[in-house]
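J.: Residue-level listing of the chains:
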Amino acid sequence: MTESILPHKAKVKGCMPMKTWGMIGLLFLFPLNEAQAGYGSAEAVMFLGGMSTAGVTTTTAGCVLTTFGSTPGAAWFAAALVIGGGVTITATTGRYHKELVTLLKVDHDTYLAGGEITPFLQGVYREVRTRSHELQLKDGPCVGGEIDELKMTEAIDKLVALAGNP
Amino acid sequence: MLAAGLVLSAFFAGPAHGGRPDSLFQDAWGRLPPKVRQVLTDSLTGKPIVSFAVDRDGARLPEAKQFCDVPEEKRGLVLARFEPSLLGRGGKVVLNADLPSHYAPESPAKEPMSCRHGSLHFEALASVLHELAHAYEREASRRGGAPTFPVPSADERYLRLVDIVPGWIWPTSKNTHPLRSPDPYEVRSGAESFAVNFEYFLLDTTYACRRPSQAAYFSKAFAFDPFPQRTCRVNTQVYATGGGGVLRQDLDPARLYRVDYLMATPGTSFISRWGHSMMRLVMCAPARFDSATKSIIPATPMGPACDDDTYWHVVVSYRADVRGIEPGLLSIVKDRFPSRLFLMTFDEIFREYLHGELRSLAAYPIALDPQQKELLLHRILESHWGYEGDYHFLSGNCATETRDLLASVLEPKQSSILPTISPSGVQEDWVGEGWVDTLPKKTYASLLPVLKRIWNDQTIVTGPHLASDGAAQSGLVEYMRDSKAKDRMDVLQEKLPCTLDRNASIRDFIVLEAQVLRLQEQRLMDEIFSRGREKAPQLFRQLSVAMQARADRNKAGAYGIPLKDEILNDSESMAGNERFRKALEALKKPLEEELSEPIHEIEATRQNLQKAFVLQRKVREGDPAK
Numbered sequence: 001m002t003e004s005i006l007p008h009k010a011k012v013k014g015c016m017p018m019k020t021w022g023m024i025g026l027l028f029l030f031p032l033n034e035a036q037a038g039y040g041s042a043e044a045v046m047f048l049g050g051m052s053t054a055g056v057t058t059t060t061a062g063c064v065l066t067t068f069g070s071t072p073g074a075a076w077f078a079a080a081l082v083i084g085g086g087v088t089i090t091a092t093t094g095r096y097h098k099e100l101v102t103l104l105k106v107d108h109d110t111y112l113a114g115g116e117i118t119p120f121l122q123g124v125y126r127e128v129r130t131r132s133h134e135l136q137l138k139d140g141p142c143v144g145g146e147i148d149e150l151k152m153t154e155a156i157d158k159l160v161a162l163a164g165n166p
Numbered sequence: 001m002l003a004a005g006l007v008l009s010a011f012f013a014g015p016a017h018g019g020r021p022d023s024l025f026q027d028a029w030g031r032l033p034p035k036v037r038q039v040l041t042d043s044l045t046g047k048p049i050v051s052f053a054v055d056r057d058g059a060r061l062p063e064a065k066q067f068c069d070v071p072e073e074k075r076g077l078v079l080a081r082f083e084p085s086l087l088g089r090g091g092k093v094v095l096n097a098d099l100p101s102h103y104a105p106e107s108p109a110k111e112p113m114s115c116r117h118g119s120l121h122f123e124a125l126a127s128v129l130h131e132l133a134h135a136y137e138r139e140a141s142r143r144g145g146a147p148t149f150p151v152p153s154a155d156e157r158y159l160r161l162v163d164i165v166p167g168w169i170w171p172t173s174k175n176t177h178p179l180r181s182p183d184p185y186e187v188r189s190g191a192e193s194f195a196v197n198f199e200y201f202l203l204d205t206t207y208a209c210r211r212p213s214q215a216a217y218f219s220k221a222f223a224f225d226p227f228p229q230r231t232c233r234v235n236t237q238v239y240a241t242g243g244g245g246v247l248r249q250d251l252d253p254a255r256l257y258r259v260d261y262l263m264a265t266p267g268t269s270f271i272s273r274w275g276h277s278m279m280r281l282v283m284c285a286p287a288r289f290d291s292a293t294k295s296i297i298p299a300t301p302m303g304p305a306c307d308d309d310t311y312w313h314v315v316v317s318y319r320a321d322v323r324g325i326e327p328g329l330l331s332i333v334k335d336r337f338p339s340r341l342f343l344m345t346f347d348e349i350f351r352e353y354l355h356g357e358l359r360s361l362a363a364y365p366i367a368l369d370p371q372q373k374e375l376l377l378h379r380i381l382e383s384h385w386g387y388e389g390d391y392h393f394l395s396g397n398c399a400t401e402t403r404d405l406l407a408s409v410l411e412p413k414q415s416s417i418l419p420t421i422s423p424s425g426v427q428e429d430w431v432g433e434g435w436v437d438t439l440p441k442k443t444y445a446s447l448l449p450v451l452k453r454i455w456n457d458q459t460i461v462t463g464p465h466l467a468s469d470g471a472a473q474s475g476l477v478e479y480m481r482d483s484k485a486k487d488r489m490d491v492l493q494e495k496l497p498c499t500l501d502r503n504a505s506i507r508d509f510i511v512l513e514a515q516v517l518r519l520q521e522q523r524l525m526d527e528i529f530s531r532g533r534e535k536a537p538q539l540f541r542q543l544s545v546a547m548q549a550r551a552d553r554n555k556a557g558a559y560g561i562p563l564k565d566e567i568l569n570d571s572e573s574m575a576g577n578e579r580f581r582k583a584l585e586a587l588k589k590p591l592e593e594e595l596s597e598p599i600h601e602i603e604a605t606r607q608n609l610q611k612a613f614v615l616q617r618k619v620r621e622g623d624p625a626k
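Residue numbers (our numbering), protein chains in the order written: chain A, 1 to 166; chain B, 1 to 626.
If you're looking for bench data, these hints aren't it; they were derived computationally from the structure.
Keep in mind that this is a model prediction, so the values were computed, not measured.
Watch out, some of these pointers could steer you wrong.
Simulated restraints, written as ranges between beta carbons of each label pair [said to hold, decoys possible]:
(1) A:114 with B:168: 49 to 57 Å
(2) A:114 with B:223: 34 to 42 Å
(3) B:166 with A:114: 33 to 41 Å
(4) A:114 with B:233: 21 to 29 Å
Partner residues aside, some chain A positions facing chain B, computed with beta carbon under 10 Å [stated by the list, open to error]:
(5) 115
(6) 116
(7) 122
Glycine included, each C-beta is placed from N, C-alpha and C at the ideal position.
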């Protein structure tokens, strides 16, 4: 049986070293404005991939995951979002987190409704697939390469809730 | 006969030392590639066939400090000229009389300049090399030219590298407003382009990193590398436009898996009637998970997995900046707009076309070997940083620009009297050349069919149901444009009790609502630009300046592809974004009252989306109240 890669109470242990995260993350600047991105405020915001710039002072990626709330599954998924989107969310306020999650949510619903997968969403899926191998989840080691769409949907719903929606 | 004021001198009249014309010539002569010296030497006597003179009647040279302050066209200064012999070979290089006195090999940086060659010493040397380049081309042509004695200004391949194309009468440069040019004189003609670039090729150790394609051409043509020990590298870091801002990307040739010709289907506006031509750089992600070793490894070796790294793909798109202007038919025919090569994330292009304009994309892989891929990347970088032409919708458009860009890398075998000017025409030409296949490798469908399906499902319940495809489409467009957020939410609330799959109904509502929001925001932005241009011209100008600065991302003062320390760092880039944001806000402010209705509707649409998210979650969780 294929185990879920996004269990409700997953515990993230496997962390990519900060150096690697920084290498990937520092490649990106990802500003959004309402005119062109279509979501959120008009502020053109630059997200730097370096974790320290996001107000997160931890040394490993896994620790970053826990900043997204008490639901580790969703938090882990948020990290995939960070990597897939090449952005670091300003976890301290959650403000841009909300914009990105909205973007992800709409992209995912559009995809499920029959639209093409956006590069942003594809990036997230890609990270979910590739990183699932190294994530030791509480329910057991996950099996990579497969994405359980229901769990993906569930995780996005949780992210939406965590992003500040009632 | 000698012109008045000229003092003729023999070549190499004495030992080289500062301040003397003969030593200046000797130094310049010694820097020439052996092949050029060979052409400029009398084979019988072994002496140069070029003499030199100083023009004592010429204008005085400004001081180094002022040299760069005076615009080129107002300087009215001829530093040197080449006078070919009317009777036979060779000719005479005539120098401004002030120039030799600034030649100072013992302290070449003594009179620094903030432009061109950096000091008057090198300016003097460059002037001589420039004229010797002209002398060489004349003599090489007399000797039969290529392949033994290449004449760059007569070589189509070189001309394509420097954006010079055949004109009605003679070849002309498309780069009408060159950016980061070492000397704008270079765009005058093929001969001047060669002479200017030859100066830098021989004098600047970083030339091969700033203009790699021309440096490679010269090195090959003359079998000569003036600085084999150079330490610089071509800076492949760029800022690609994405998400309304920029994304720093590394266009490392080692990570370039493939290049696609990317074609957008025609749009509905005048300017998009023919579709759009672009190129997509299929860049591999910088790292990926390796299931064999269970570790993160660099993206090489590359392979088909890079096709899925779409987030890292970069699109190369020549565009006219017509924001806030909807060109009419007459304008399309007669007006010119600035044309620049923009680098954009594929995510941005995807959203712009598939979602924003409801147009599809087709990707045709271009057959390139690794060296051609690297050369194309260099050409893209050179154009991105240095090119600004005139976007003319009927002759200098995205299709012709993209065609010319690839032709500077792959030499076309066929040439037609009537050049192709449409995106599909370019694709057909390239099929003929064997560069792309007839069918695309991948197509990306617009969101329109999905939206039409959602609209049809909705109208079955709410009516009026429009059976024909055309009617459904126009009904959809009207609905997205004119409906109110509150009414749309009411429709959902009415529909939900009657539907079997409430989750899918809410999902469809979210997709449609997101599309409405996109259109509303685009319309608002267009309104801000067009009204702002008219009612707040000063603020509009400030915004234009901020946009330009945001697009440039480089520091002033150098030429060609910026070296790593010449592009903005991340915090400087962020400051540029901030200036743009403030300028946009400032333009928006005085218009808020008259645009209060669309602003209110946008906010209401956002609220609809958030409400739908909550509703959907409750439905999924089985909330009996829903």
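J.: Each hint should be assessed against the structure and marked as holding or not.
T.: Now the hints, each set against the structure:
A C-beta distance of roughly 51 Å is found between residue 114 of chain A and residue 168 of chain B, which places it inside the suggested range of 49 to 57 Å. Judged by the Cβ atoms, the range 34 to 42 Å given for residue 114 of chain A and residue 223 of chain B is violated: they are separated by roughly 59 Å. For the pair residue 166 of chain B and residue 114 of chain A, the supplied restraint of 33 to 41 Å is violated, since their beta-carbon distance comes to about 48 Å. In this structure the hint that residue 114 of chain A and residue 233 of chain B lie 21 to 29 Å apart at CB is violated, the actual value being about 46 Å.
A hinted interface residue such as residue 115 of chain A counts as satisfied when its beta carbon comes closer than 10 Å to some beta carbon of chain B; here the least separation is about 5 Å, so the hint holds. Here the hint on residue 116 of chain A is kept, as its CB sits about 5 Å from the closest CB of chain B, short of 10 Å. Against a cut-off of 10 Å between C-beta atoms, the interface hint on residue 122 of chain A holds, since the closest Cβ of chain B lies about 5 Å away.
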